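Chains as they are written, first to last, in the numbering used here: chain A, 1 to 448; chain B, 1 to 219; chain C, 1 to 959; chain D, 1 to 167.
Be a bit skeptical, because a hint or two may be false.
To be verified - One side only, chain C facing chain B, incomplete, derived with CB under 10 Å:
| # | residue |
| --- | --- |
| 1 | Val83 |
| 2 | Val90 |
| 3 | Gln877 |
Calculated directly from the structure, the hints in this document are not laboratory data. These numbers were taken from a predicted model, which means no experiment stands behind them. Using N, Cα and C, we set each Cβ at its ideal position, and we do this for glycine too.
Letter by letter, the chains look like this.
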Amino acid sequence: MNRPVVPLDKPMSHVGDEIAGIPLDFPRRRGWLAGAGGTALLLFGFFLSAVVLFIGGVGIWGVNSPVFWGVAIMNYVWWVGIGNAGTLISGLLLLLDQVWRNALNRFAEAMAVFAIICAGVYPILHLGRPWLFYWMFPYPSEMGVWPQFRSPLTWDVFAILIYLLVSILFWYLGLIPDLATVRDRAKGRLAQVFYGVLALGWRGSARHWLRWKQAYHFSAAIAVPLVFSVHSEVGMLFSASQLAGWHSTFFPPFFVVGAAFSGFGVVTMLAIVIRQTLHLEDLVTDFHLDALARITLGLSLLMGYCYWWDMFNSVYSGDRYELRAVHDKLVGAYAWSFWTTQFLNVVVPHIFWIRRARRNLVVLFLVGLAVTIGMWFERYMLVVTTLYHGFLPSSWNYYIPTFWDWAVFAGTIGLFLFPYFLFVRFLPPVSIAEIKEKILELQRERRA
Amino acid sequence: MAQIFSPSADTWLRLALAGVTLAIIVAIAFLIGFVTSDYRTNVDFHPAQPVPFSHRHHVGGLGLDCRYCHASVEVSADAGFPPTHTCMTCHSQLYTDAAMLAPVRDSLANDKPLHWARVAKLPDYVYFDHSIHIAKGVGCSTCHGQVQRMPLTYTANALTMGFCIACHRDPAPYLRANEAEVFDMTWKPAPNQRAVGQQRMIERGIAGRNITDCYTCHR
Amino acid sequence: MDENETKDRLRQLAQQGGRRFWRGLEEMLDDGSVGEWLAAEFPSAFEIGLGRRDMLKIMAASLAMSTLSGCGPTAESPAVPYVNQPTDYVPGIPRWFATAVPFDGYAQPVLAECHAGRPTRLDGNRQHPASRGTISAFAQAAVQQLYDPDRSQAVTYRGGITTWNAFDAALLDEAHRLKKSGGAGLRLLTGPASSPTLMRQIAALRGVFPSMRWHSYSPVGGLRGVATRQAFGRPLQVMPRLDRATVVVSLDDDILGPGPFQVPAALAWSEQRRKGQGMPLLFVAESTPTLTGAMAHRRLATASGRIPLLAAALSGQKPPLDPAEAAWVQAVRKAVEDNPGSAVIGAGADQAADVQALCMALAYRWGAPGRTVTYTDPVVAESDAGLAELAADIDDGKVGVLLMLDVDPAYAAPGPLGFAEILARVPFSVHAAGMYDETAARSQWHLPLAHPLESWSDCRAVDGSVTILQPLIAPLWQGRTVHQMLDGLLDQPGRDALSPVRDTWRSQLDESAWRRSLEDGRVPETAFDAVRVQPRPLPPVAAIAPPAGTEVVFRPDPSVWDGRFANCSWLQELPKPASKVVWDNPVAVSPAMGRRLKVENGDVVEIEVEGRRLRGSAWILPGQAADTVTLYFGYGRRRGGTFAEGLGYDAYQLLPVKAAPSAGARIKRTGATHHLVSTQLHHAIDGKDLVRVVAPGEGIDNAAETVVGHPDEHSLYPRYPYQGYAWGMVIDNDLCIGCNACVIACQAENNVPSVGKEQVAVGREMHWLRIDRYYEGEPDHPFTHFEPVPCMHCENAPCELGCPVNATVHSPEGINEMLYNRCIGTRTCATYCPYKVRRFNYYYFAREAAPLEWAHRNPQVTVRARGVMEKCTYCIQRVQRAHIAADRESRAISDGSVRTACQNACPTSAITFGNLNDPDSAVSRKRAGRRNYGLLDALNTWPRTTYLARIRRHGAGEA
Amino acid sequence: MTALLAEFVQPDDLLAAVRRVREKRIPIIDSFTPFPVEGLDRALGVEDQRINWLGFAGMISGALLGWFFQWYANSDYTLNVGGRPWLAPPSFTVLTFEFSVLLGAFFMFFGLLILNRLPKLHHPLFAAPGFDRVTSDRYFLLIDAPDAAARRFIEDLHPASIAEVEP
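Bound-form chain A, shown alone (with noise of 0.2 Å):
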């Protein structure tokens, strides 16, 4: 590396003014409006079409009997694994001990939580009756009838519910001692008490930061775990049915990696972003985007193998309907999903095998969207071909998305994208204290 990961040669109070600067003067005031504004009428329009949906019924949408789940699903499975891929990188980068991850962290997590909520809704919308979703939680009812435990579903509510908990304690964990940095800049008395309440009174006694750090270890090691697991039940939600494609004990590890690419691909693009508006370049340095383009390769690669590995399964079976599975992927009614994936997936992000290509804005947002999107088309390829084409031929059907499936998507990524939109406004968006800590580790180093 030419240039240091972290501003070595400023002094350590410019990392502070930076970032607390961010939420104490915003830069892009206008800018900002804009976007928010713009991400807010997505948001209402997911409220409106949630209101639709539920005067309407899920008829409403395209699912049809063999294909009971359709887009729905998918954008669940989308958004859990955008929300993984946050935790894994604030949370595994962290016990690997990776400088550059510093830089990332925080808003990685706040990409986490968000999606996690995206995701969370799903569930509920698509349900029939989604005014007893509640059914699904254990509490002592007249009934005397409890949740299902055998259930992937069930599984999958406590892991929405536990991995949102978890995820915004890690957060704000972190946040703490950079509220008490923007709380001592604060000018403004409003500011001081808002960002005073949120940092509890913190004051960096050296005990205070003992205890901190092995608290924050400590949740990245259980939150590490947590990730794998959350998506693996997501996995089981398709391989524990018998259906031709999905009965297969390889979908966990298959859909971890599918969301830490995924993820990766839309923290790329974050990074980009952030990075270009706020101004960040001393600290989302090339170093960092090449990080990260490196990573989306090898995850690309990793996914290519899966895709191929889990066809190979399937035709290394014989089984006659795993056979027909395999087929559909390839020349079936919806083939077009499985080689836009391999596409977008597996050839695309390629392009980083070239030095420049990392090192290119453009090519890096690029290759983040169409990994992004990419991740999308592969959920449609999982759940449509397998359910389109069931056991019995007589039962066959189609699948065709409405106008309100879409909508509600629509919707969600403007429960995505507003909630961001603030929190860069209003948070540190990068983690100060991490990056000073390192700062001092490296000058040490110089020295030595």
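With the hints as your guide, set chains B, C and D onto chain A.
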């Protein structure tokens, strides 16, 4: 640097947090209370009837048998309501000009049936069968309460799934000896009820059956 | 009640919505009506004499009113006892009445299940040989027709609403005028009729009006009478005995297909088939795929116009045949020689009379007359003349008064007759029917006809035995019976419905005999005796090949017949056996023709016959004769109800006056397309173990197509122990003829909603029991397999594993339970189900029925709301009824005392249900047989529903 | 009694000061930094593993809760689901793990707040001059200063500033 917060701020913050927690607890408690309240479960619900029929008088006082009016209770799912004719068997002789009985007389005269308000209501997806309960020795008063003490009939028990399932899980305490006891409104469990109850479960083939199965009541 | 009231009520009815989880009349009709209604129902229907009609009127009114008050979303449901409760009535227990539903002049004997005085469902009549407890889809649909809100509801004169009195008066005048002229110009037009009362009345009419003429018309049925005259010199009803003949040859004759003969034929066929030898050997040569063809050992797809050649060849002549035909004829002759004295042959009703006659002669020669084929007097009486003559007379102005009873000639007459137009020339035209149809719109008078379930009447079954029709409910729309109409001409206007029928039988049946025949649903000693016949020498048939070009054959639609069921949503949504198309009638085109014209399913084609053109959308039908196009009746209606109108094409436009296939037609594709909706898009068997075939005496283990996997007993968990009862079902694929009776039975019993064309198009049909149809072999002459698929009730149910709220679990007796009230609609169960037998209420389908239709819902079964899953429950309500009855007396449920709806209806008894833990139960014995296999048993789901492999005799296989 | 708050500009100066002060046996109350300074806790001689133990305890209790809750729910209303026995431990493992993570996180987080006595919005140190830079680039040492000698000793360490505070 000046303090942002006054010394009392912490107290206020802690109070606020405590307050929120408390509010949540109270809300849950209220919810549970409401769900199980008589108001929601219709207990003690006295509907207005076309004729202020008194079970206390007819059952408690005169000692009429349930089946005199609810004739099909032993053979059908429905206990059945008495046709006007049944009322008039007596009331063509007794209280023939009592004002309160005018609707009954009109009903017979104009061949227009009486509209009784149901007291014991079940949801439409619950298929309760009187005959089998009678046959197995579950008495009227177990669900309908001390009807012979009711001047105006009202709901004695909350007919929730909890109520039904409790008995279906453990029928022994409610099983009565014979027909006479089944229709005896004043029946009290025997001192060794559990023992005899379990004995009766075996005799009547209840012991072997799983009657908490969903399709027992729902279809 | 007068017409205006009726109209108001109807309007209000139309505005009513349904109520969540509605159950039974007890709640829906809880107001004054119930008491009166029941009171009027008692003492039981047959004792009510004069003065009943007034009573019934009130009831009809109150049904309307009560529906009103019952269906409000917040309707409180008071308890409404009788004023005087009938002695033998028990609240909450259904009562059964025996009656019959006439169909093309033949009685279909039924038992009607009545809840609180309202018929909700029809079963077959066990005591009647023409039913033996089984029933066709058409007969069951009568209940839905009864409550059809589109039924004709008022007397109209020139389109305006008037009263019965007005009509009676008008008719009286006409009658006086006619008396003077001896009835000159008086014409009666009916459908095929066998009713003794009607015959008596017609005879009486002839007495009063000597020169009256009786015409009868049916678009199907054809020239049987003429043919029997040629063959035996007298009108006869010829019955091939499928239960005795070992070789059955059908020349374009759909013996097992829909129609009045289907149930008796299926009963007989299955009787021999059940012996497990794959007999009778069925040889079918047909132009268009039928159920008979699907059952054939050897099927030949050939033009209907070439049937005479085949007949000639079989009779020993040497007509020019192509190789396939020659081979088929060869096979038939060999089979006939191998089975001396035990073969029958029949030709289709629309074949030329001499061809039919020839086949009758052959059947006489090949078989043992009286044993393999029996002859009786025709059950359907012969009228003076047909429709063509009537049209001619109208043209010549010979017709003054025309009474059209329960017929719709303006719609169903052959197009070339132009009957709809000439009808206007009749000075005094009266039309009586259940619907306000095309003819009603063109007649001066239209009269609402009472529905068979509302009527006193009588009718002969296929064997000639008479069933007295008794009303199970008051005429909902103050309709009158046919007999009451004719009473009007016999100076007895407005007489009650019972009297004309009772008069007919007063001499034969005293009061007790009358009662008994009502209770049994059959008048003793009325069946026709077999007659001995002498065949007459026949000239050889003119065996000339038909002219080149496309041939058009006409068939009644398998679901809506000639159009009379067109407004019945059950039947509209009933997949047609061959195409599985619903809510439409396709133009059946052979794969070869499809290739030639580059036509695909749904492409609109234009057919031209003798200058008349017709457009319909094509459906490629495997097994269709190469150059033959099949048109189906019953669609393209301009009137006749909200469901009936505007669907499909009107085949009658092309129907030639002399019913026969028309050759030399031209067909071309128009380029337009019209989406035909089918419930089964794929037909090739994907892996032969879905439908298995064995040779006689063989078992699955050594079958040609053998099982892939056997249930694997090794599991992480112990196998679940089922003490007590273990309910299971076995379906014998060798007996299933794909007649759809079970599908409708299930729908009627379990309140399964119809969802409409649009919803079926997106794959949301709700049938709990579907009949899968698979093709084997090449599309030009495939083998057809039928396989009814209800819920398998797997012991390792994949669906249950998926449900997060325990809304679907297993009963201790092994039934896969579906709890509607617990279901939140995650649809995971349906996703996990390998058989895709689960159905989801994407909308509140049940509520979309008109309030009046709620009257035929089964009070024993919950009506499902929006957003819940549903599926076959093994008719749990019946299991529980038996359970409670048995448990009350602490005895065991005897085998056969629980019969599912589908099992009850099945004319071939292909379905068996019972306790698997009882080794002697019928179902256990079948399951123990070597033909038993589980669908997709390699998945280790341990299904409780299993199948018996189809039997195919070696050598007979290739088509 | 009063305490002394010494301000340093470089983290390593703070470390050096801490070592010297401890050699002198002058009681140190606490030290404040913008970020966890490597080696500071060792220099201060503070040793505290309680957070990890709390988290661990949380995970154990979570696992127990998760498993036995499922056990209870299934035994409370025993149903035959897909032919499986009512007690199906293999399918319980997933939620057992989820619950252990949940309680682990909770114990750890709230344990942290309690051990750190947070939230503490008002603290005398906030009033100390220049203490607002503790979250930016200044490093503070807080010691009990009973006598002048100690104070002098601190001054010899050349802190950026010294202030008397009421801890």
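Cross-check of the supplied hints:
| no. | hint | verdict |
| --- | --- | --- |
| 1 | Val83 | holds (5 Å) |
| 2 | Val90 | holds (5 Å) |
| 3 | Gln877 | holds (5 Å) |
Of the numbered hints stated above, none is contradicted by the structure.
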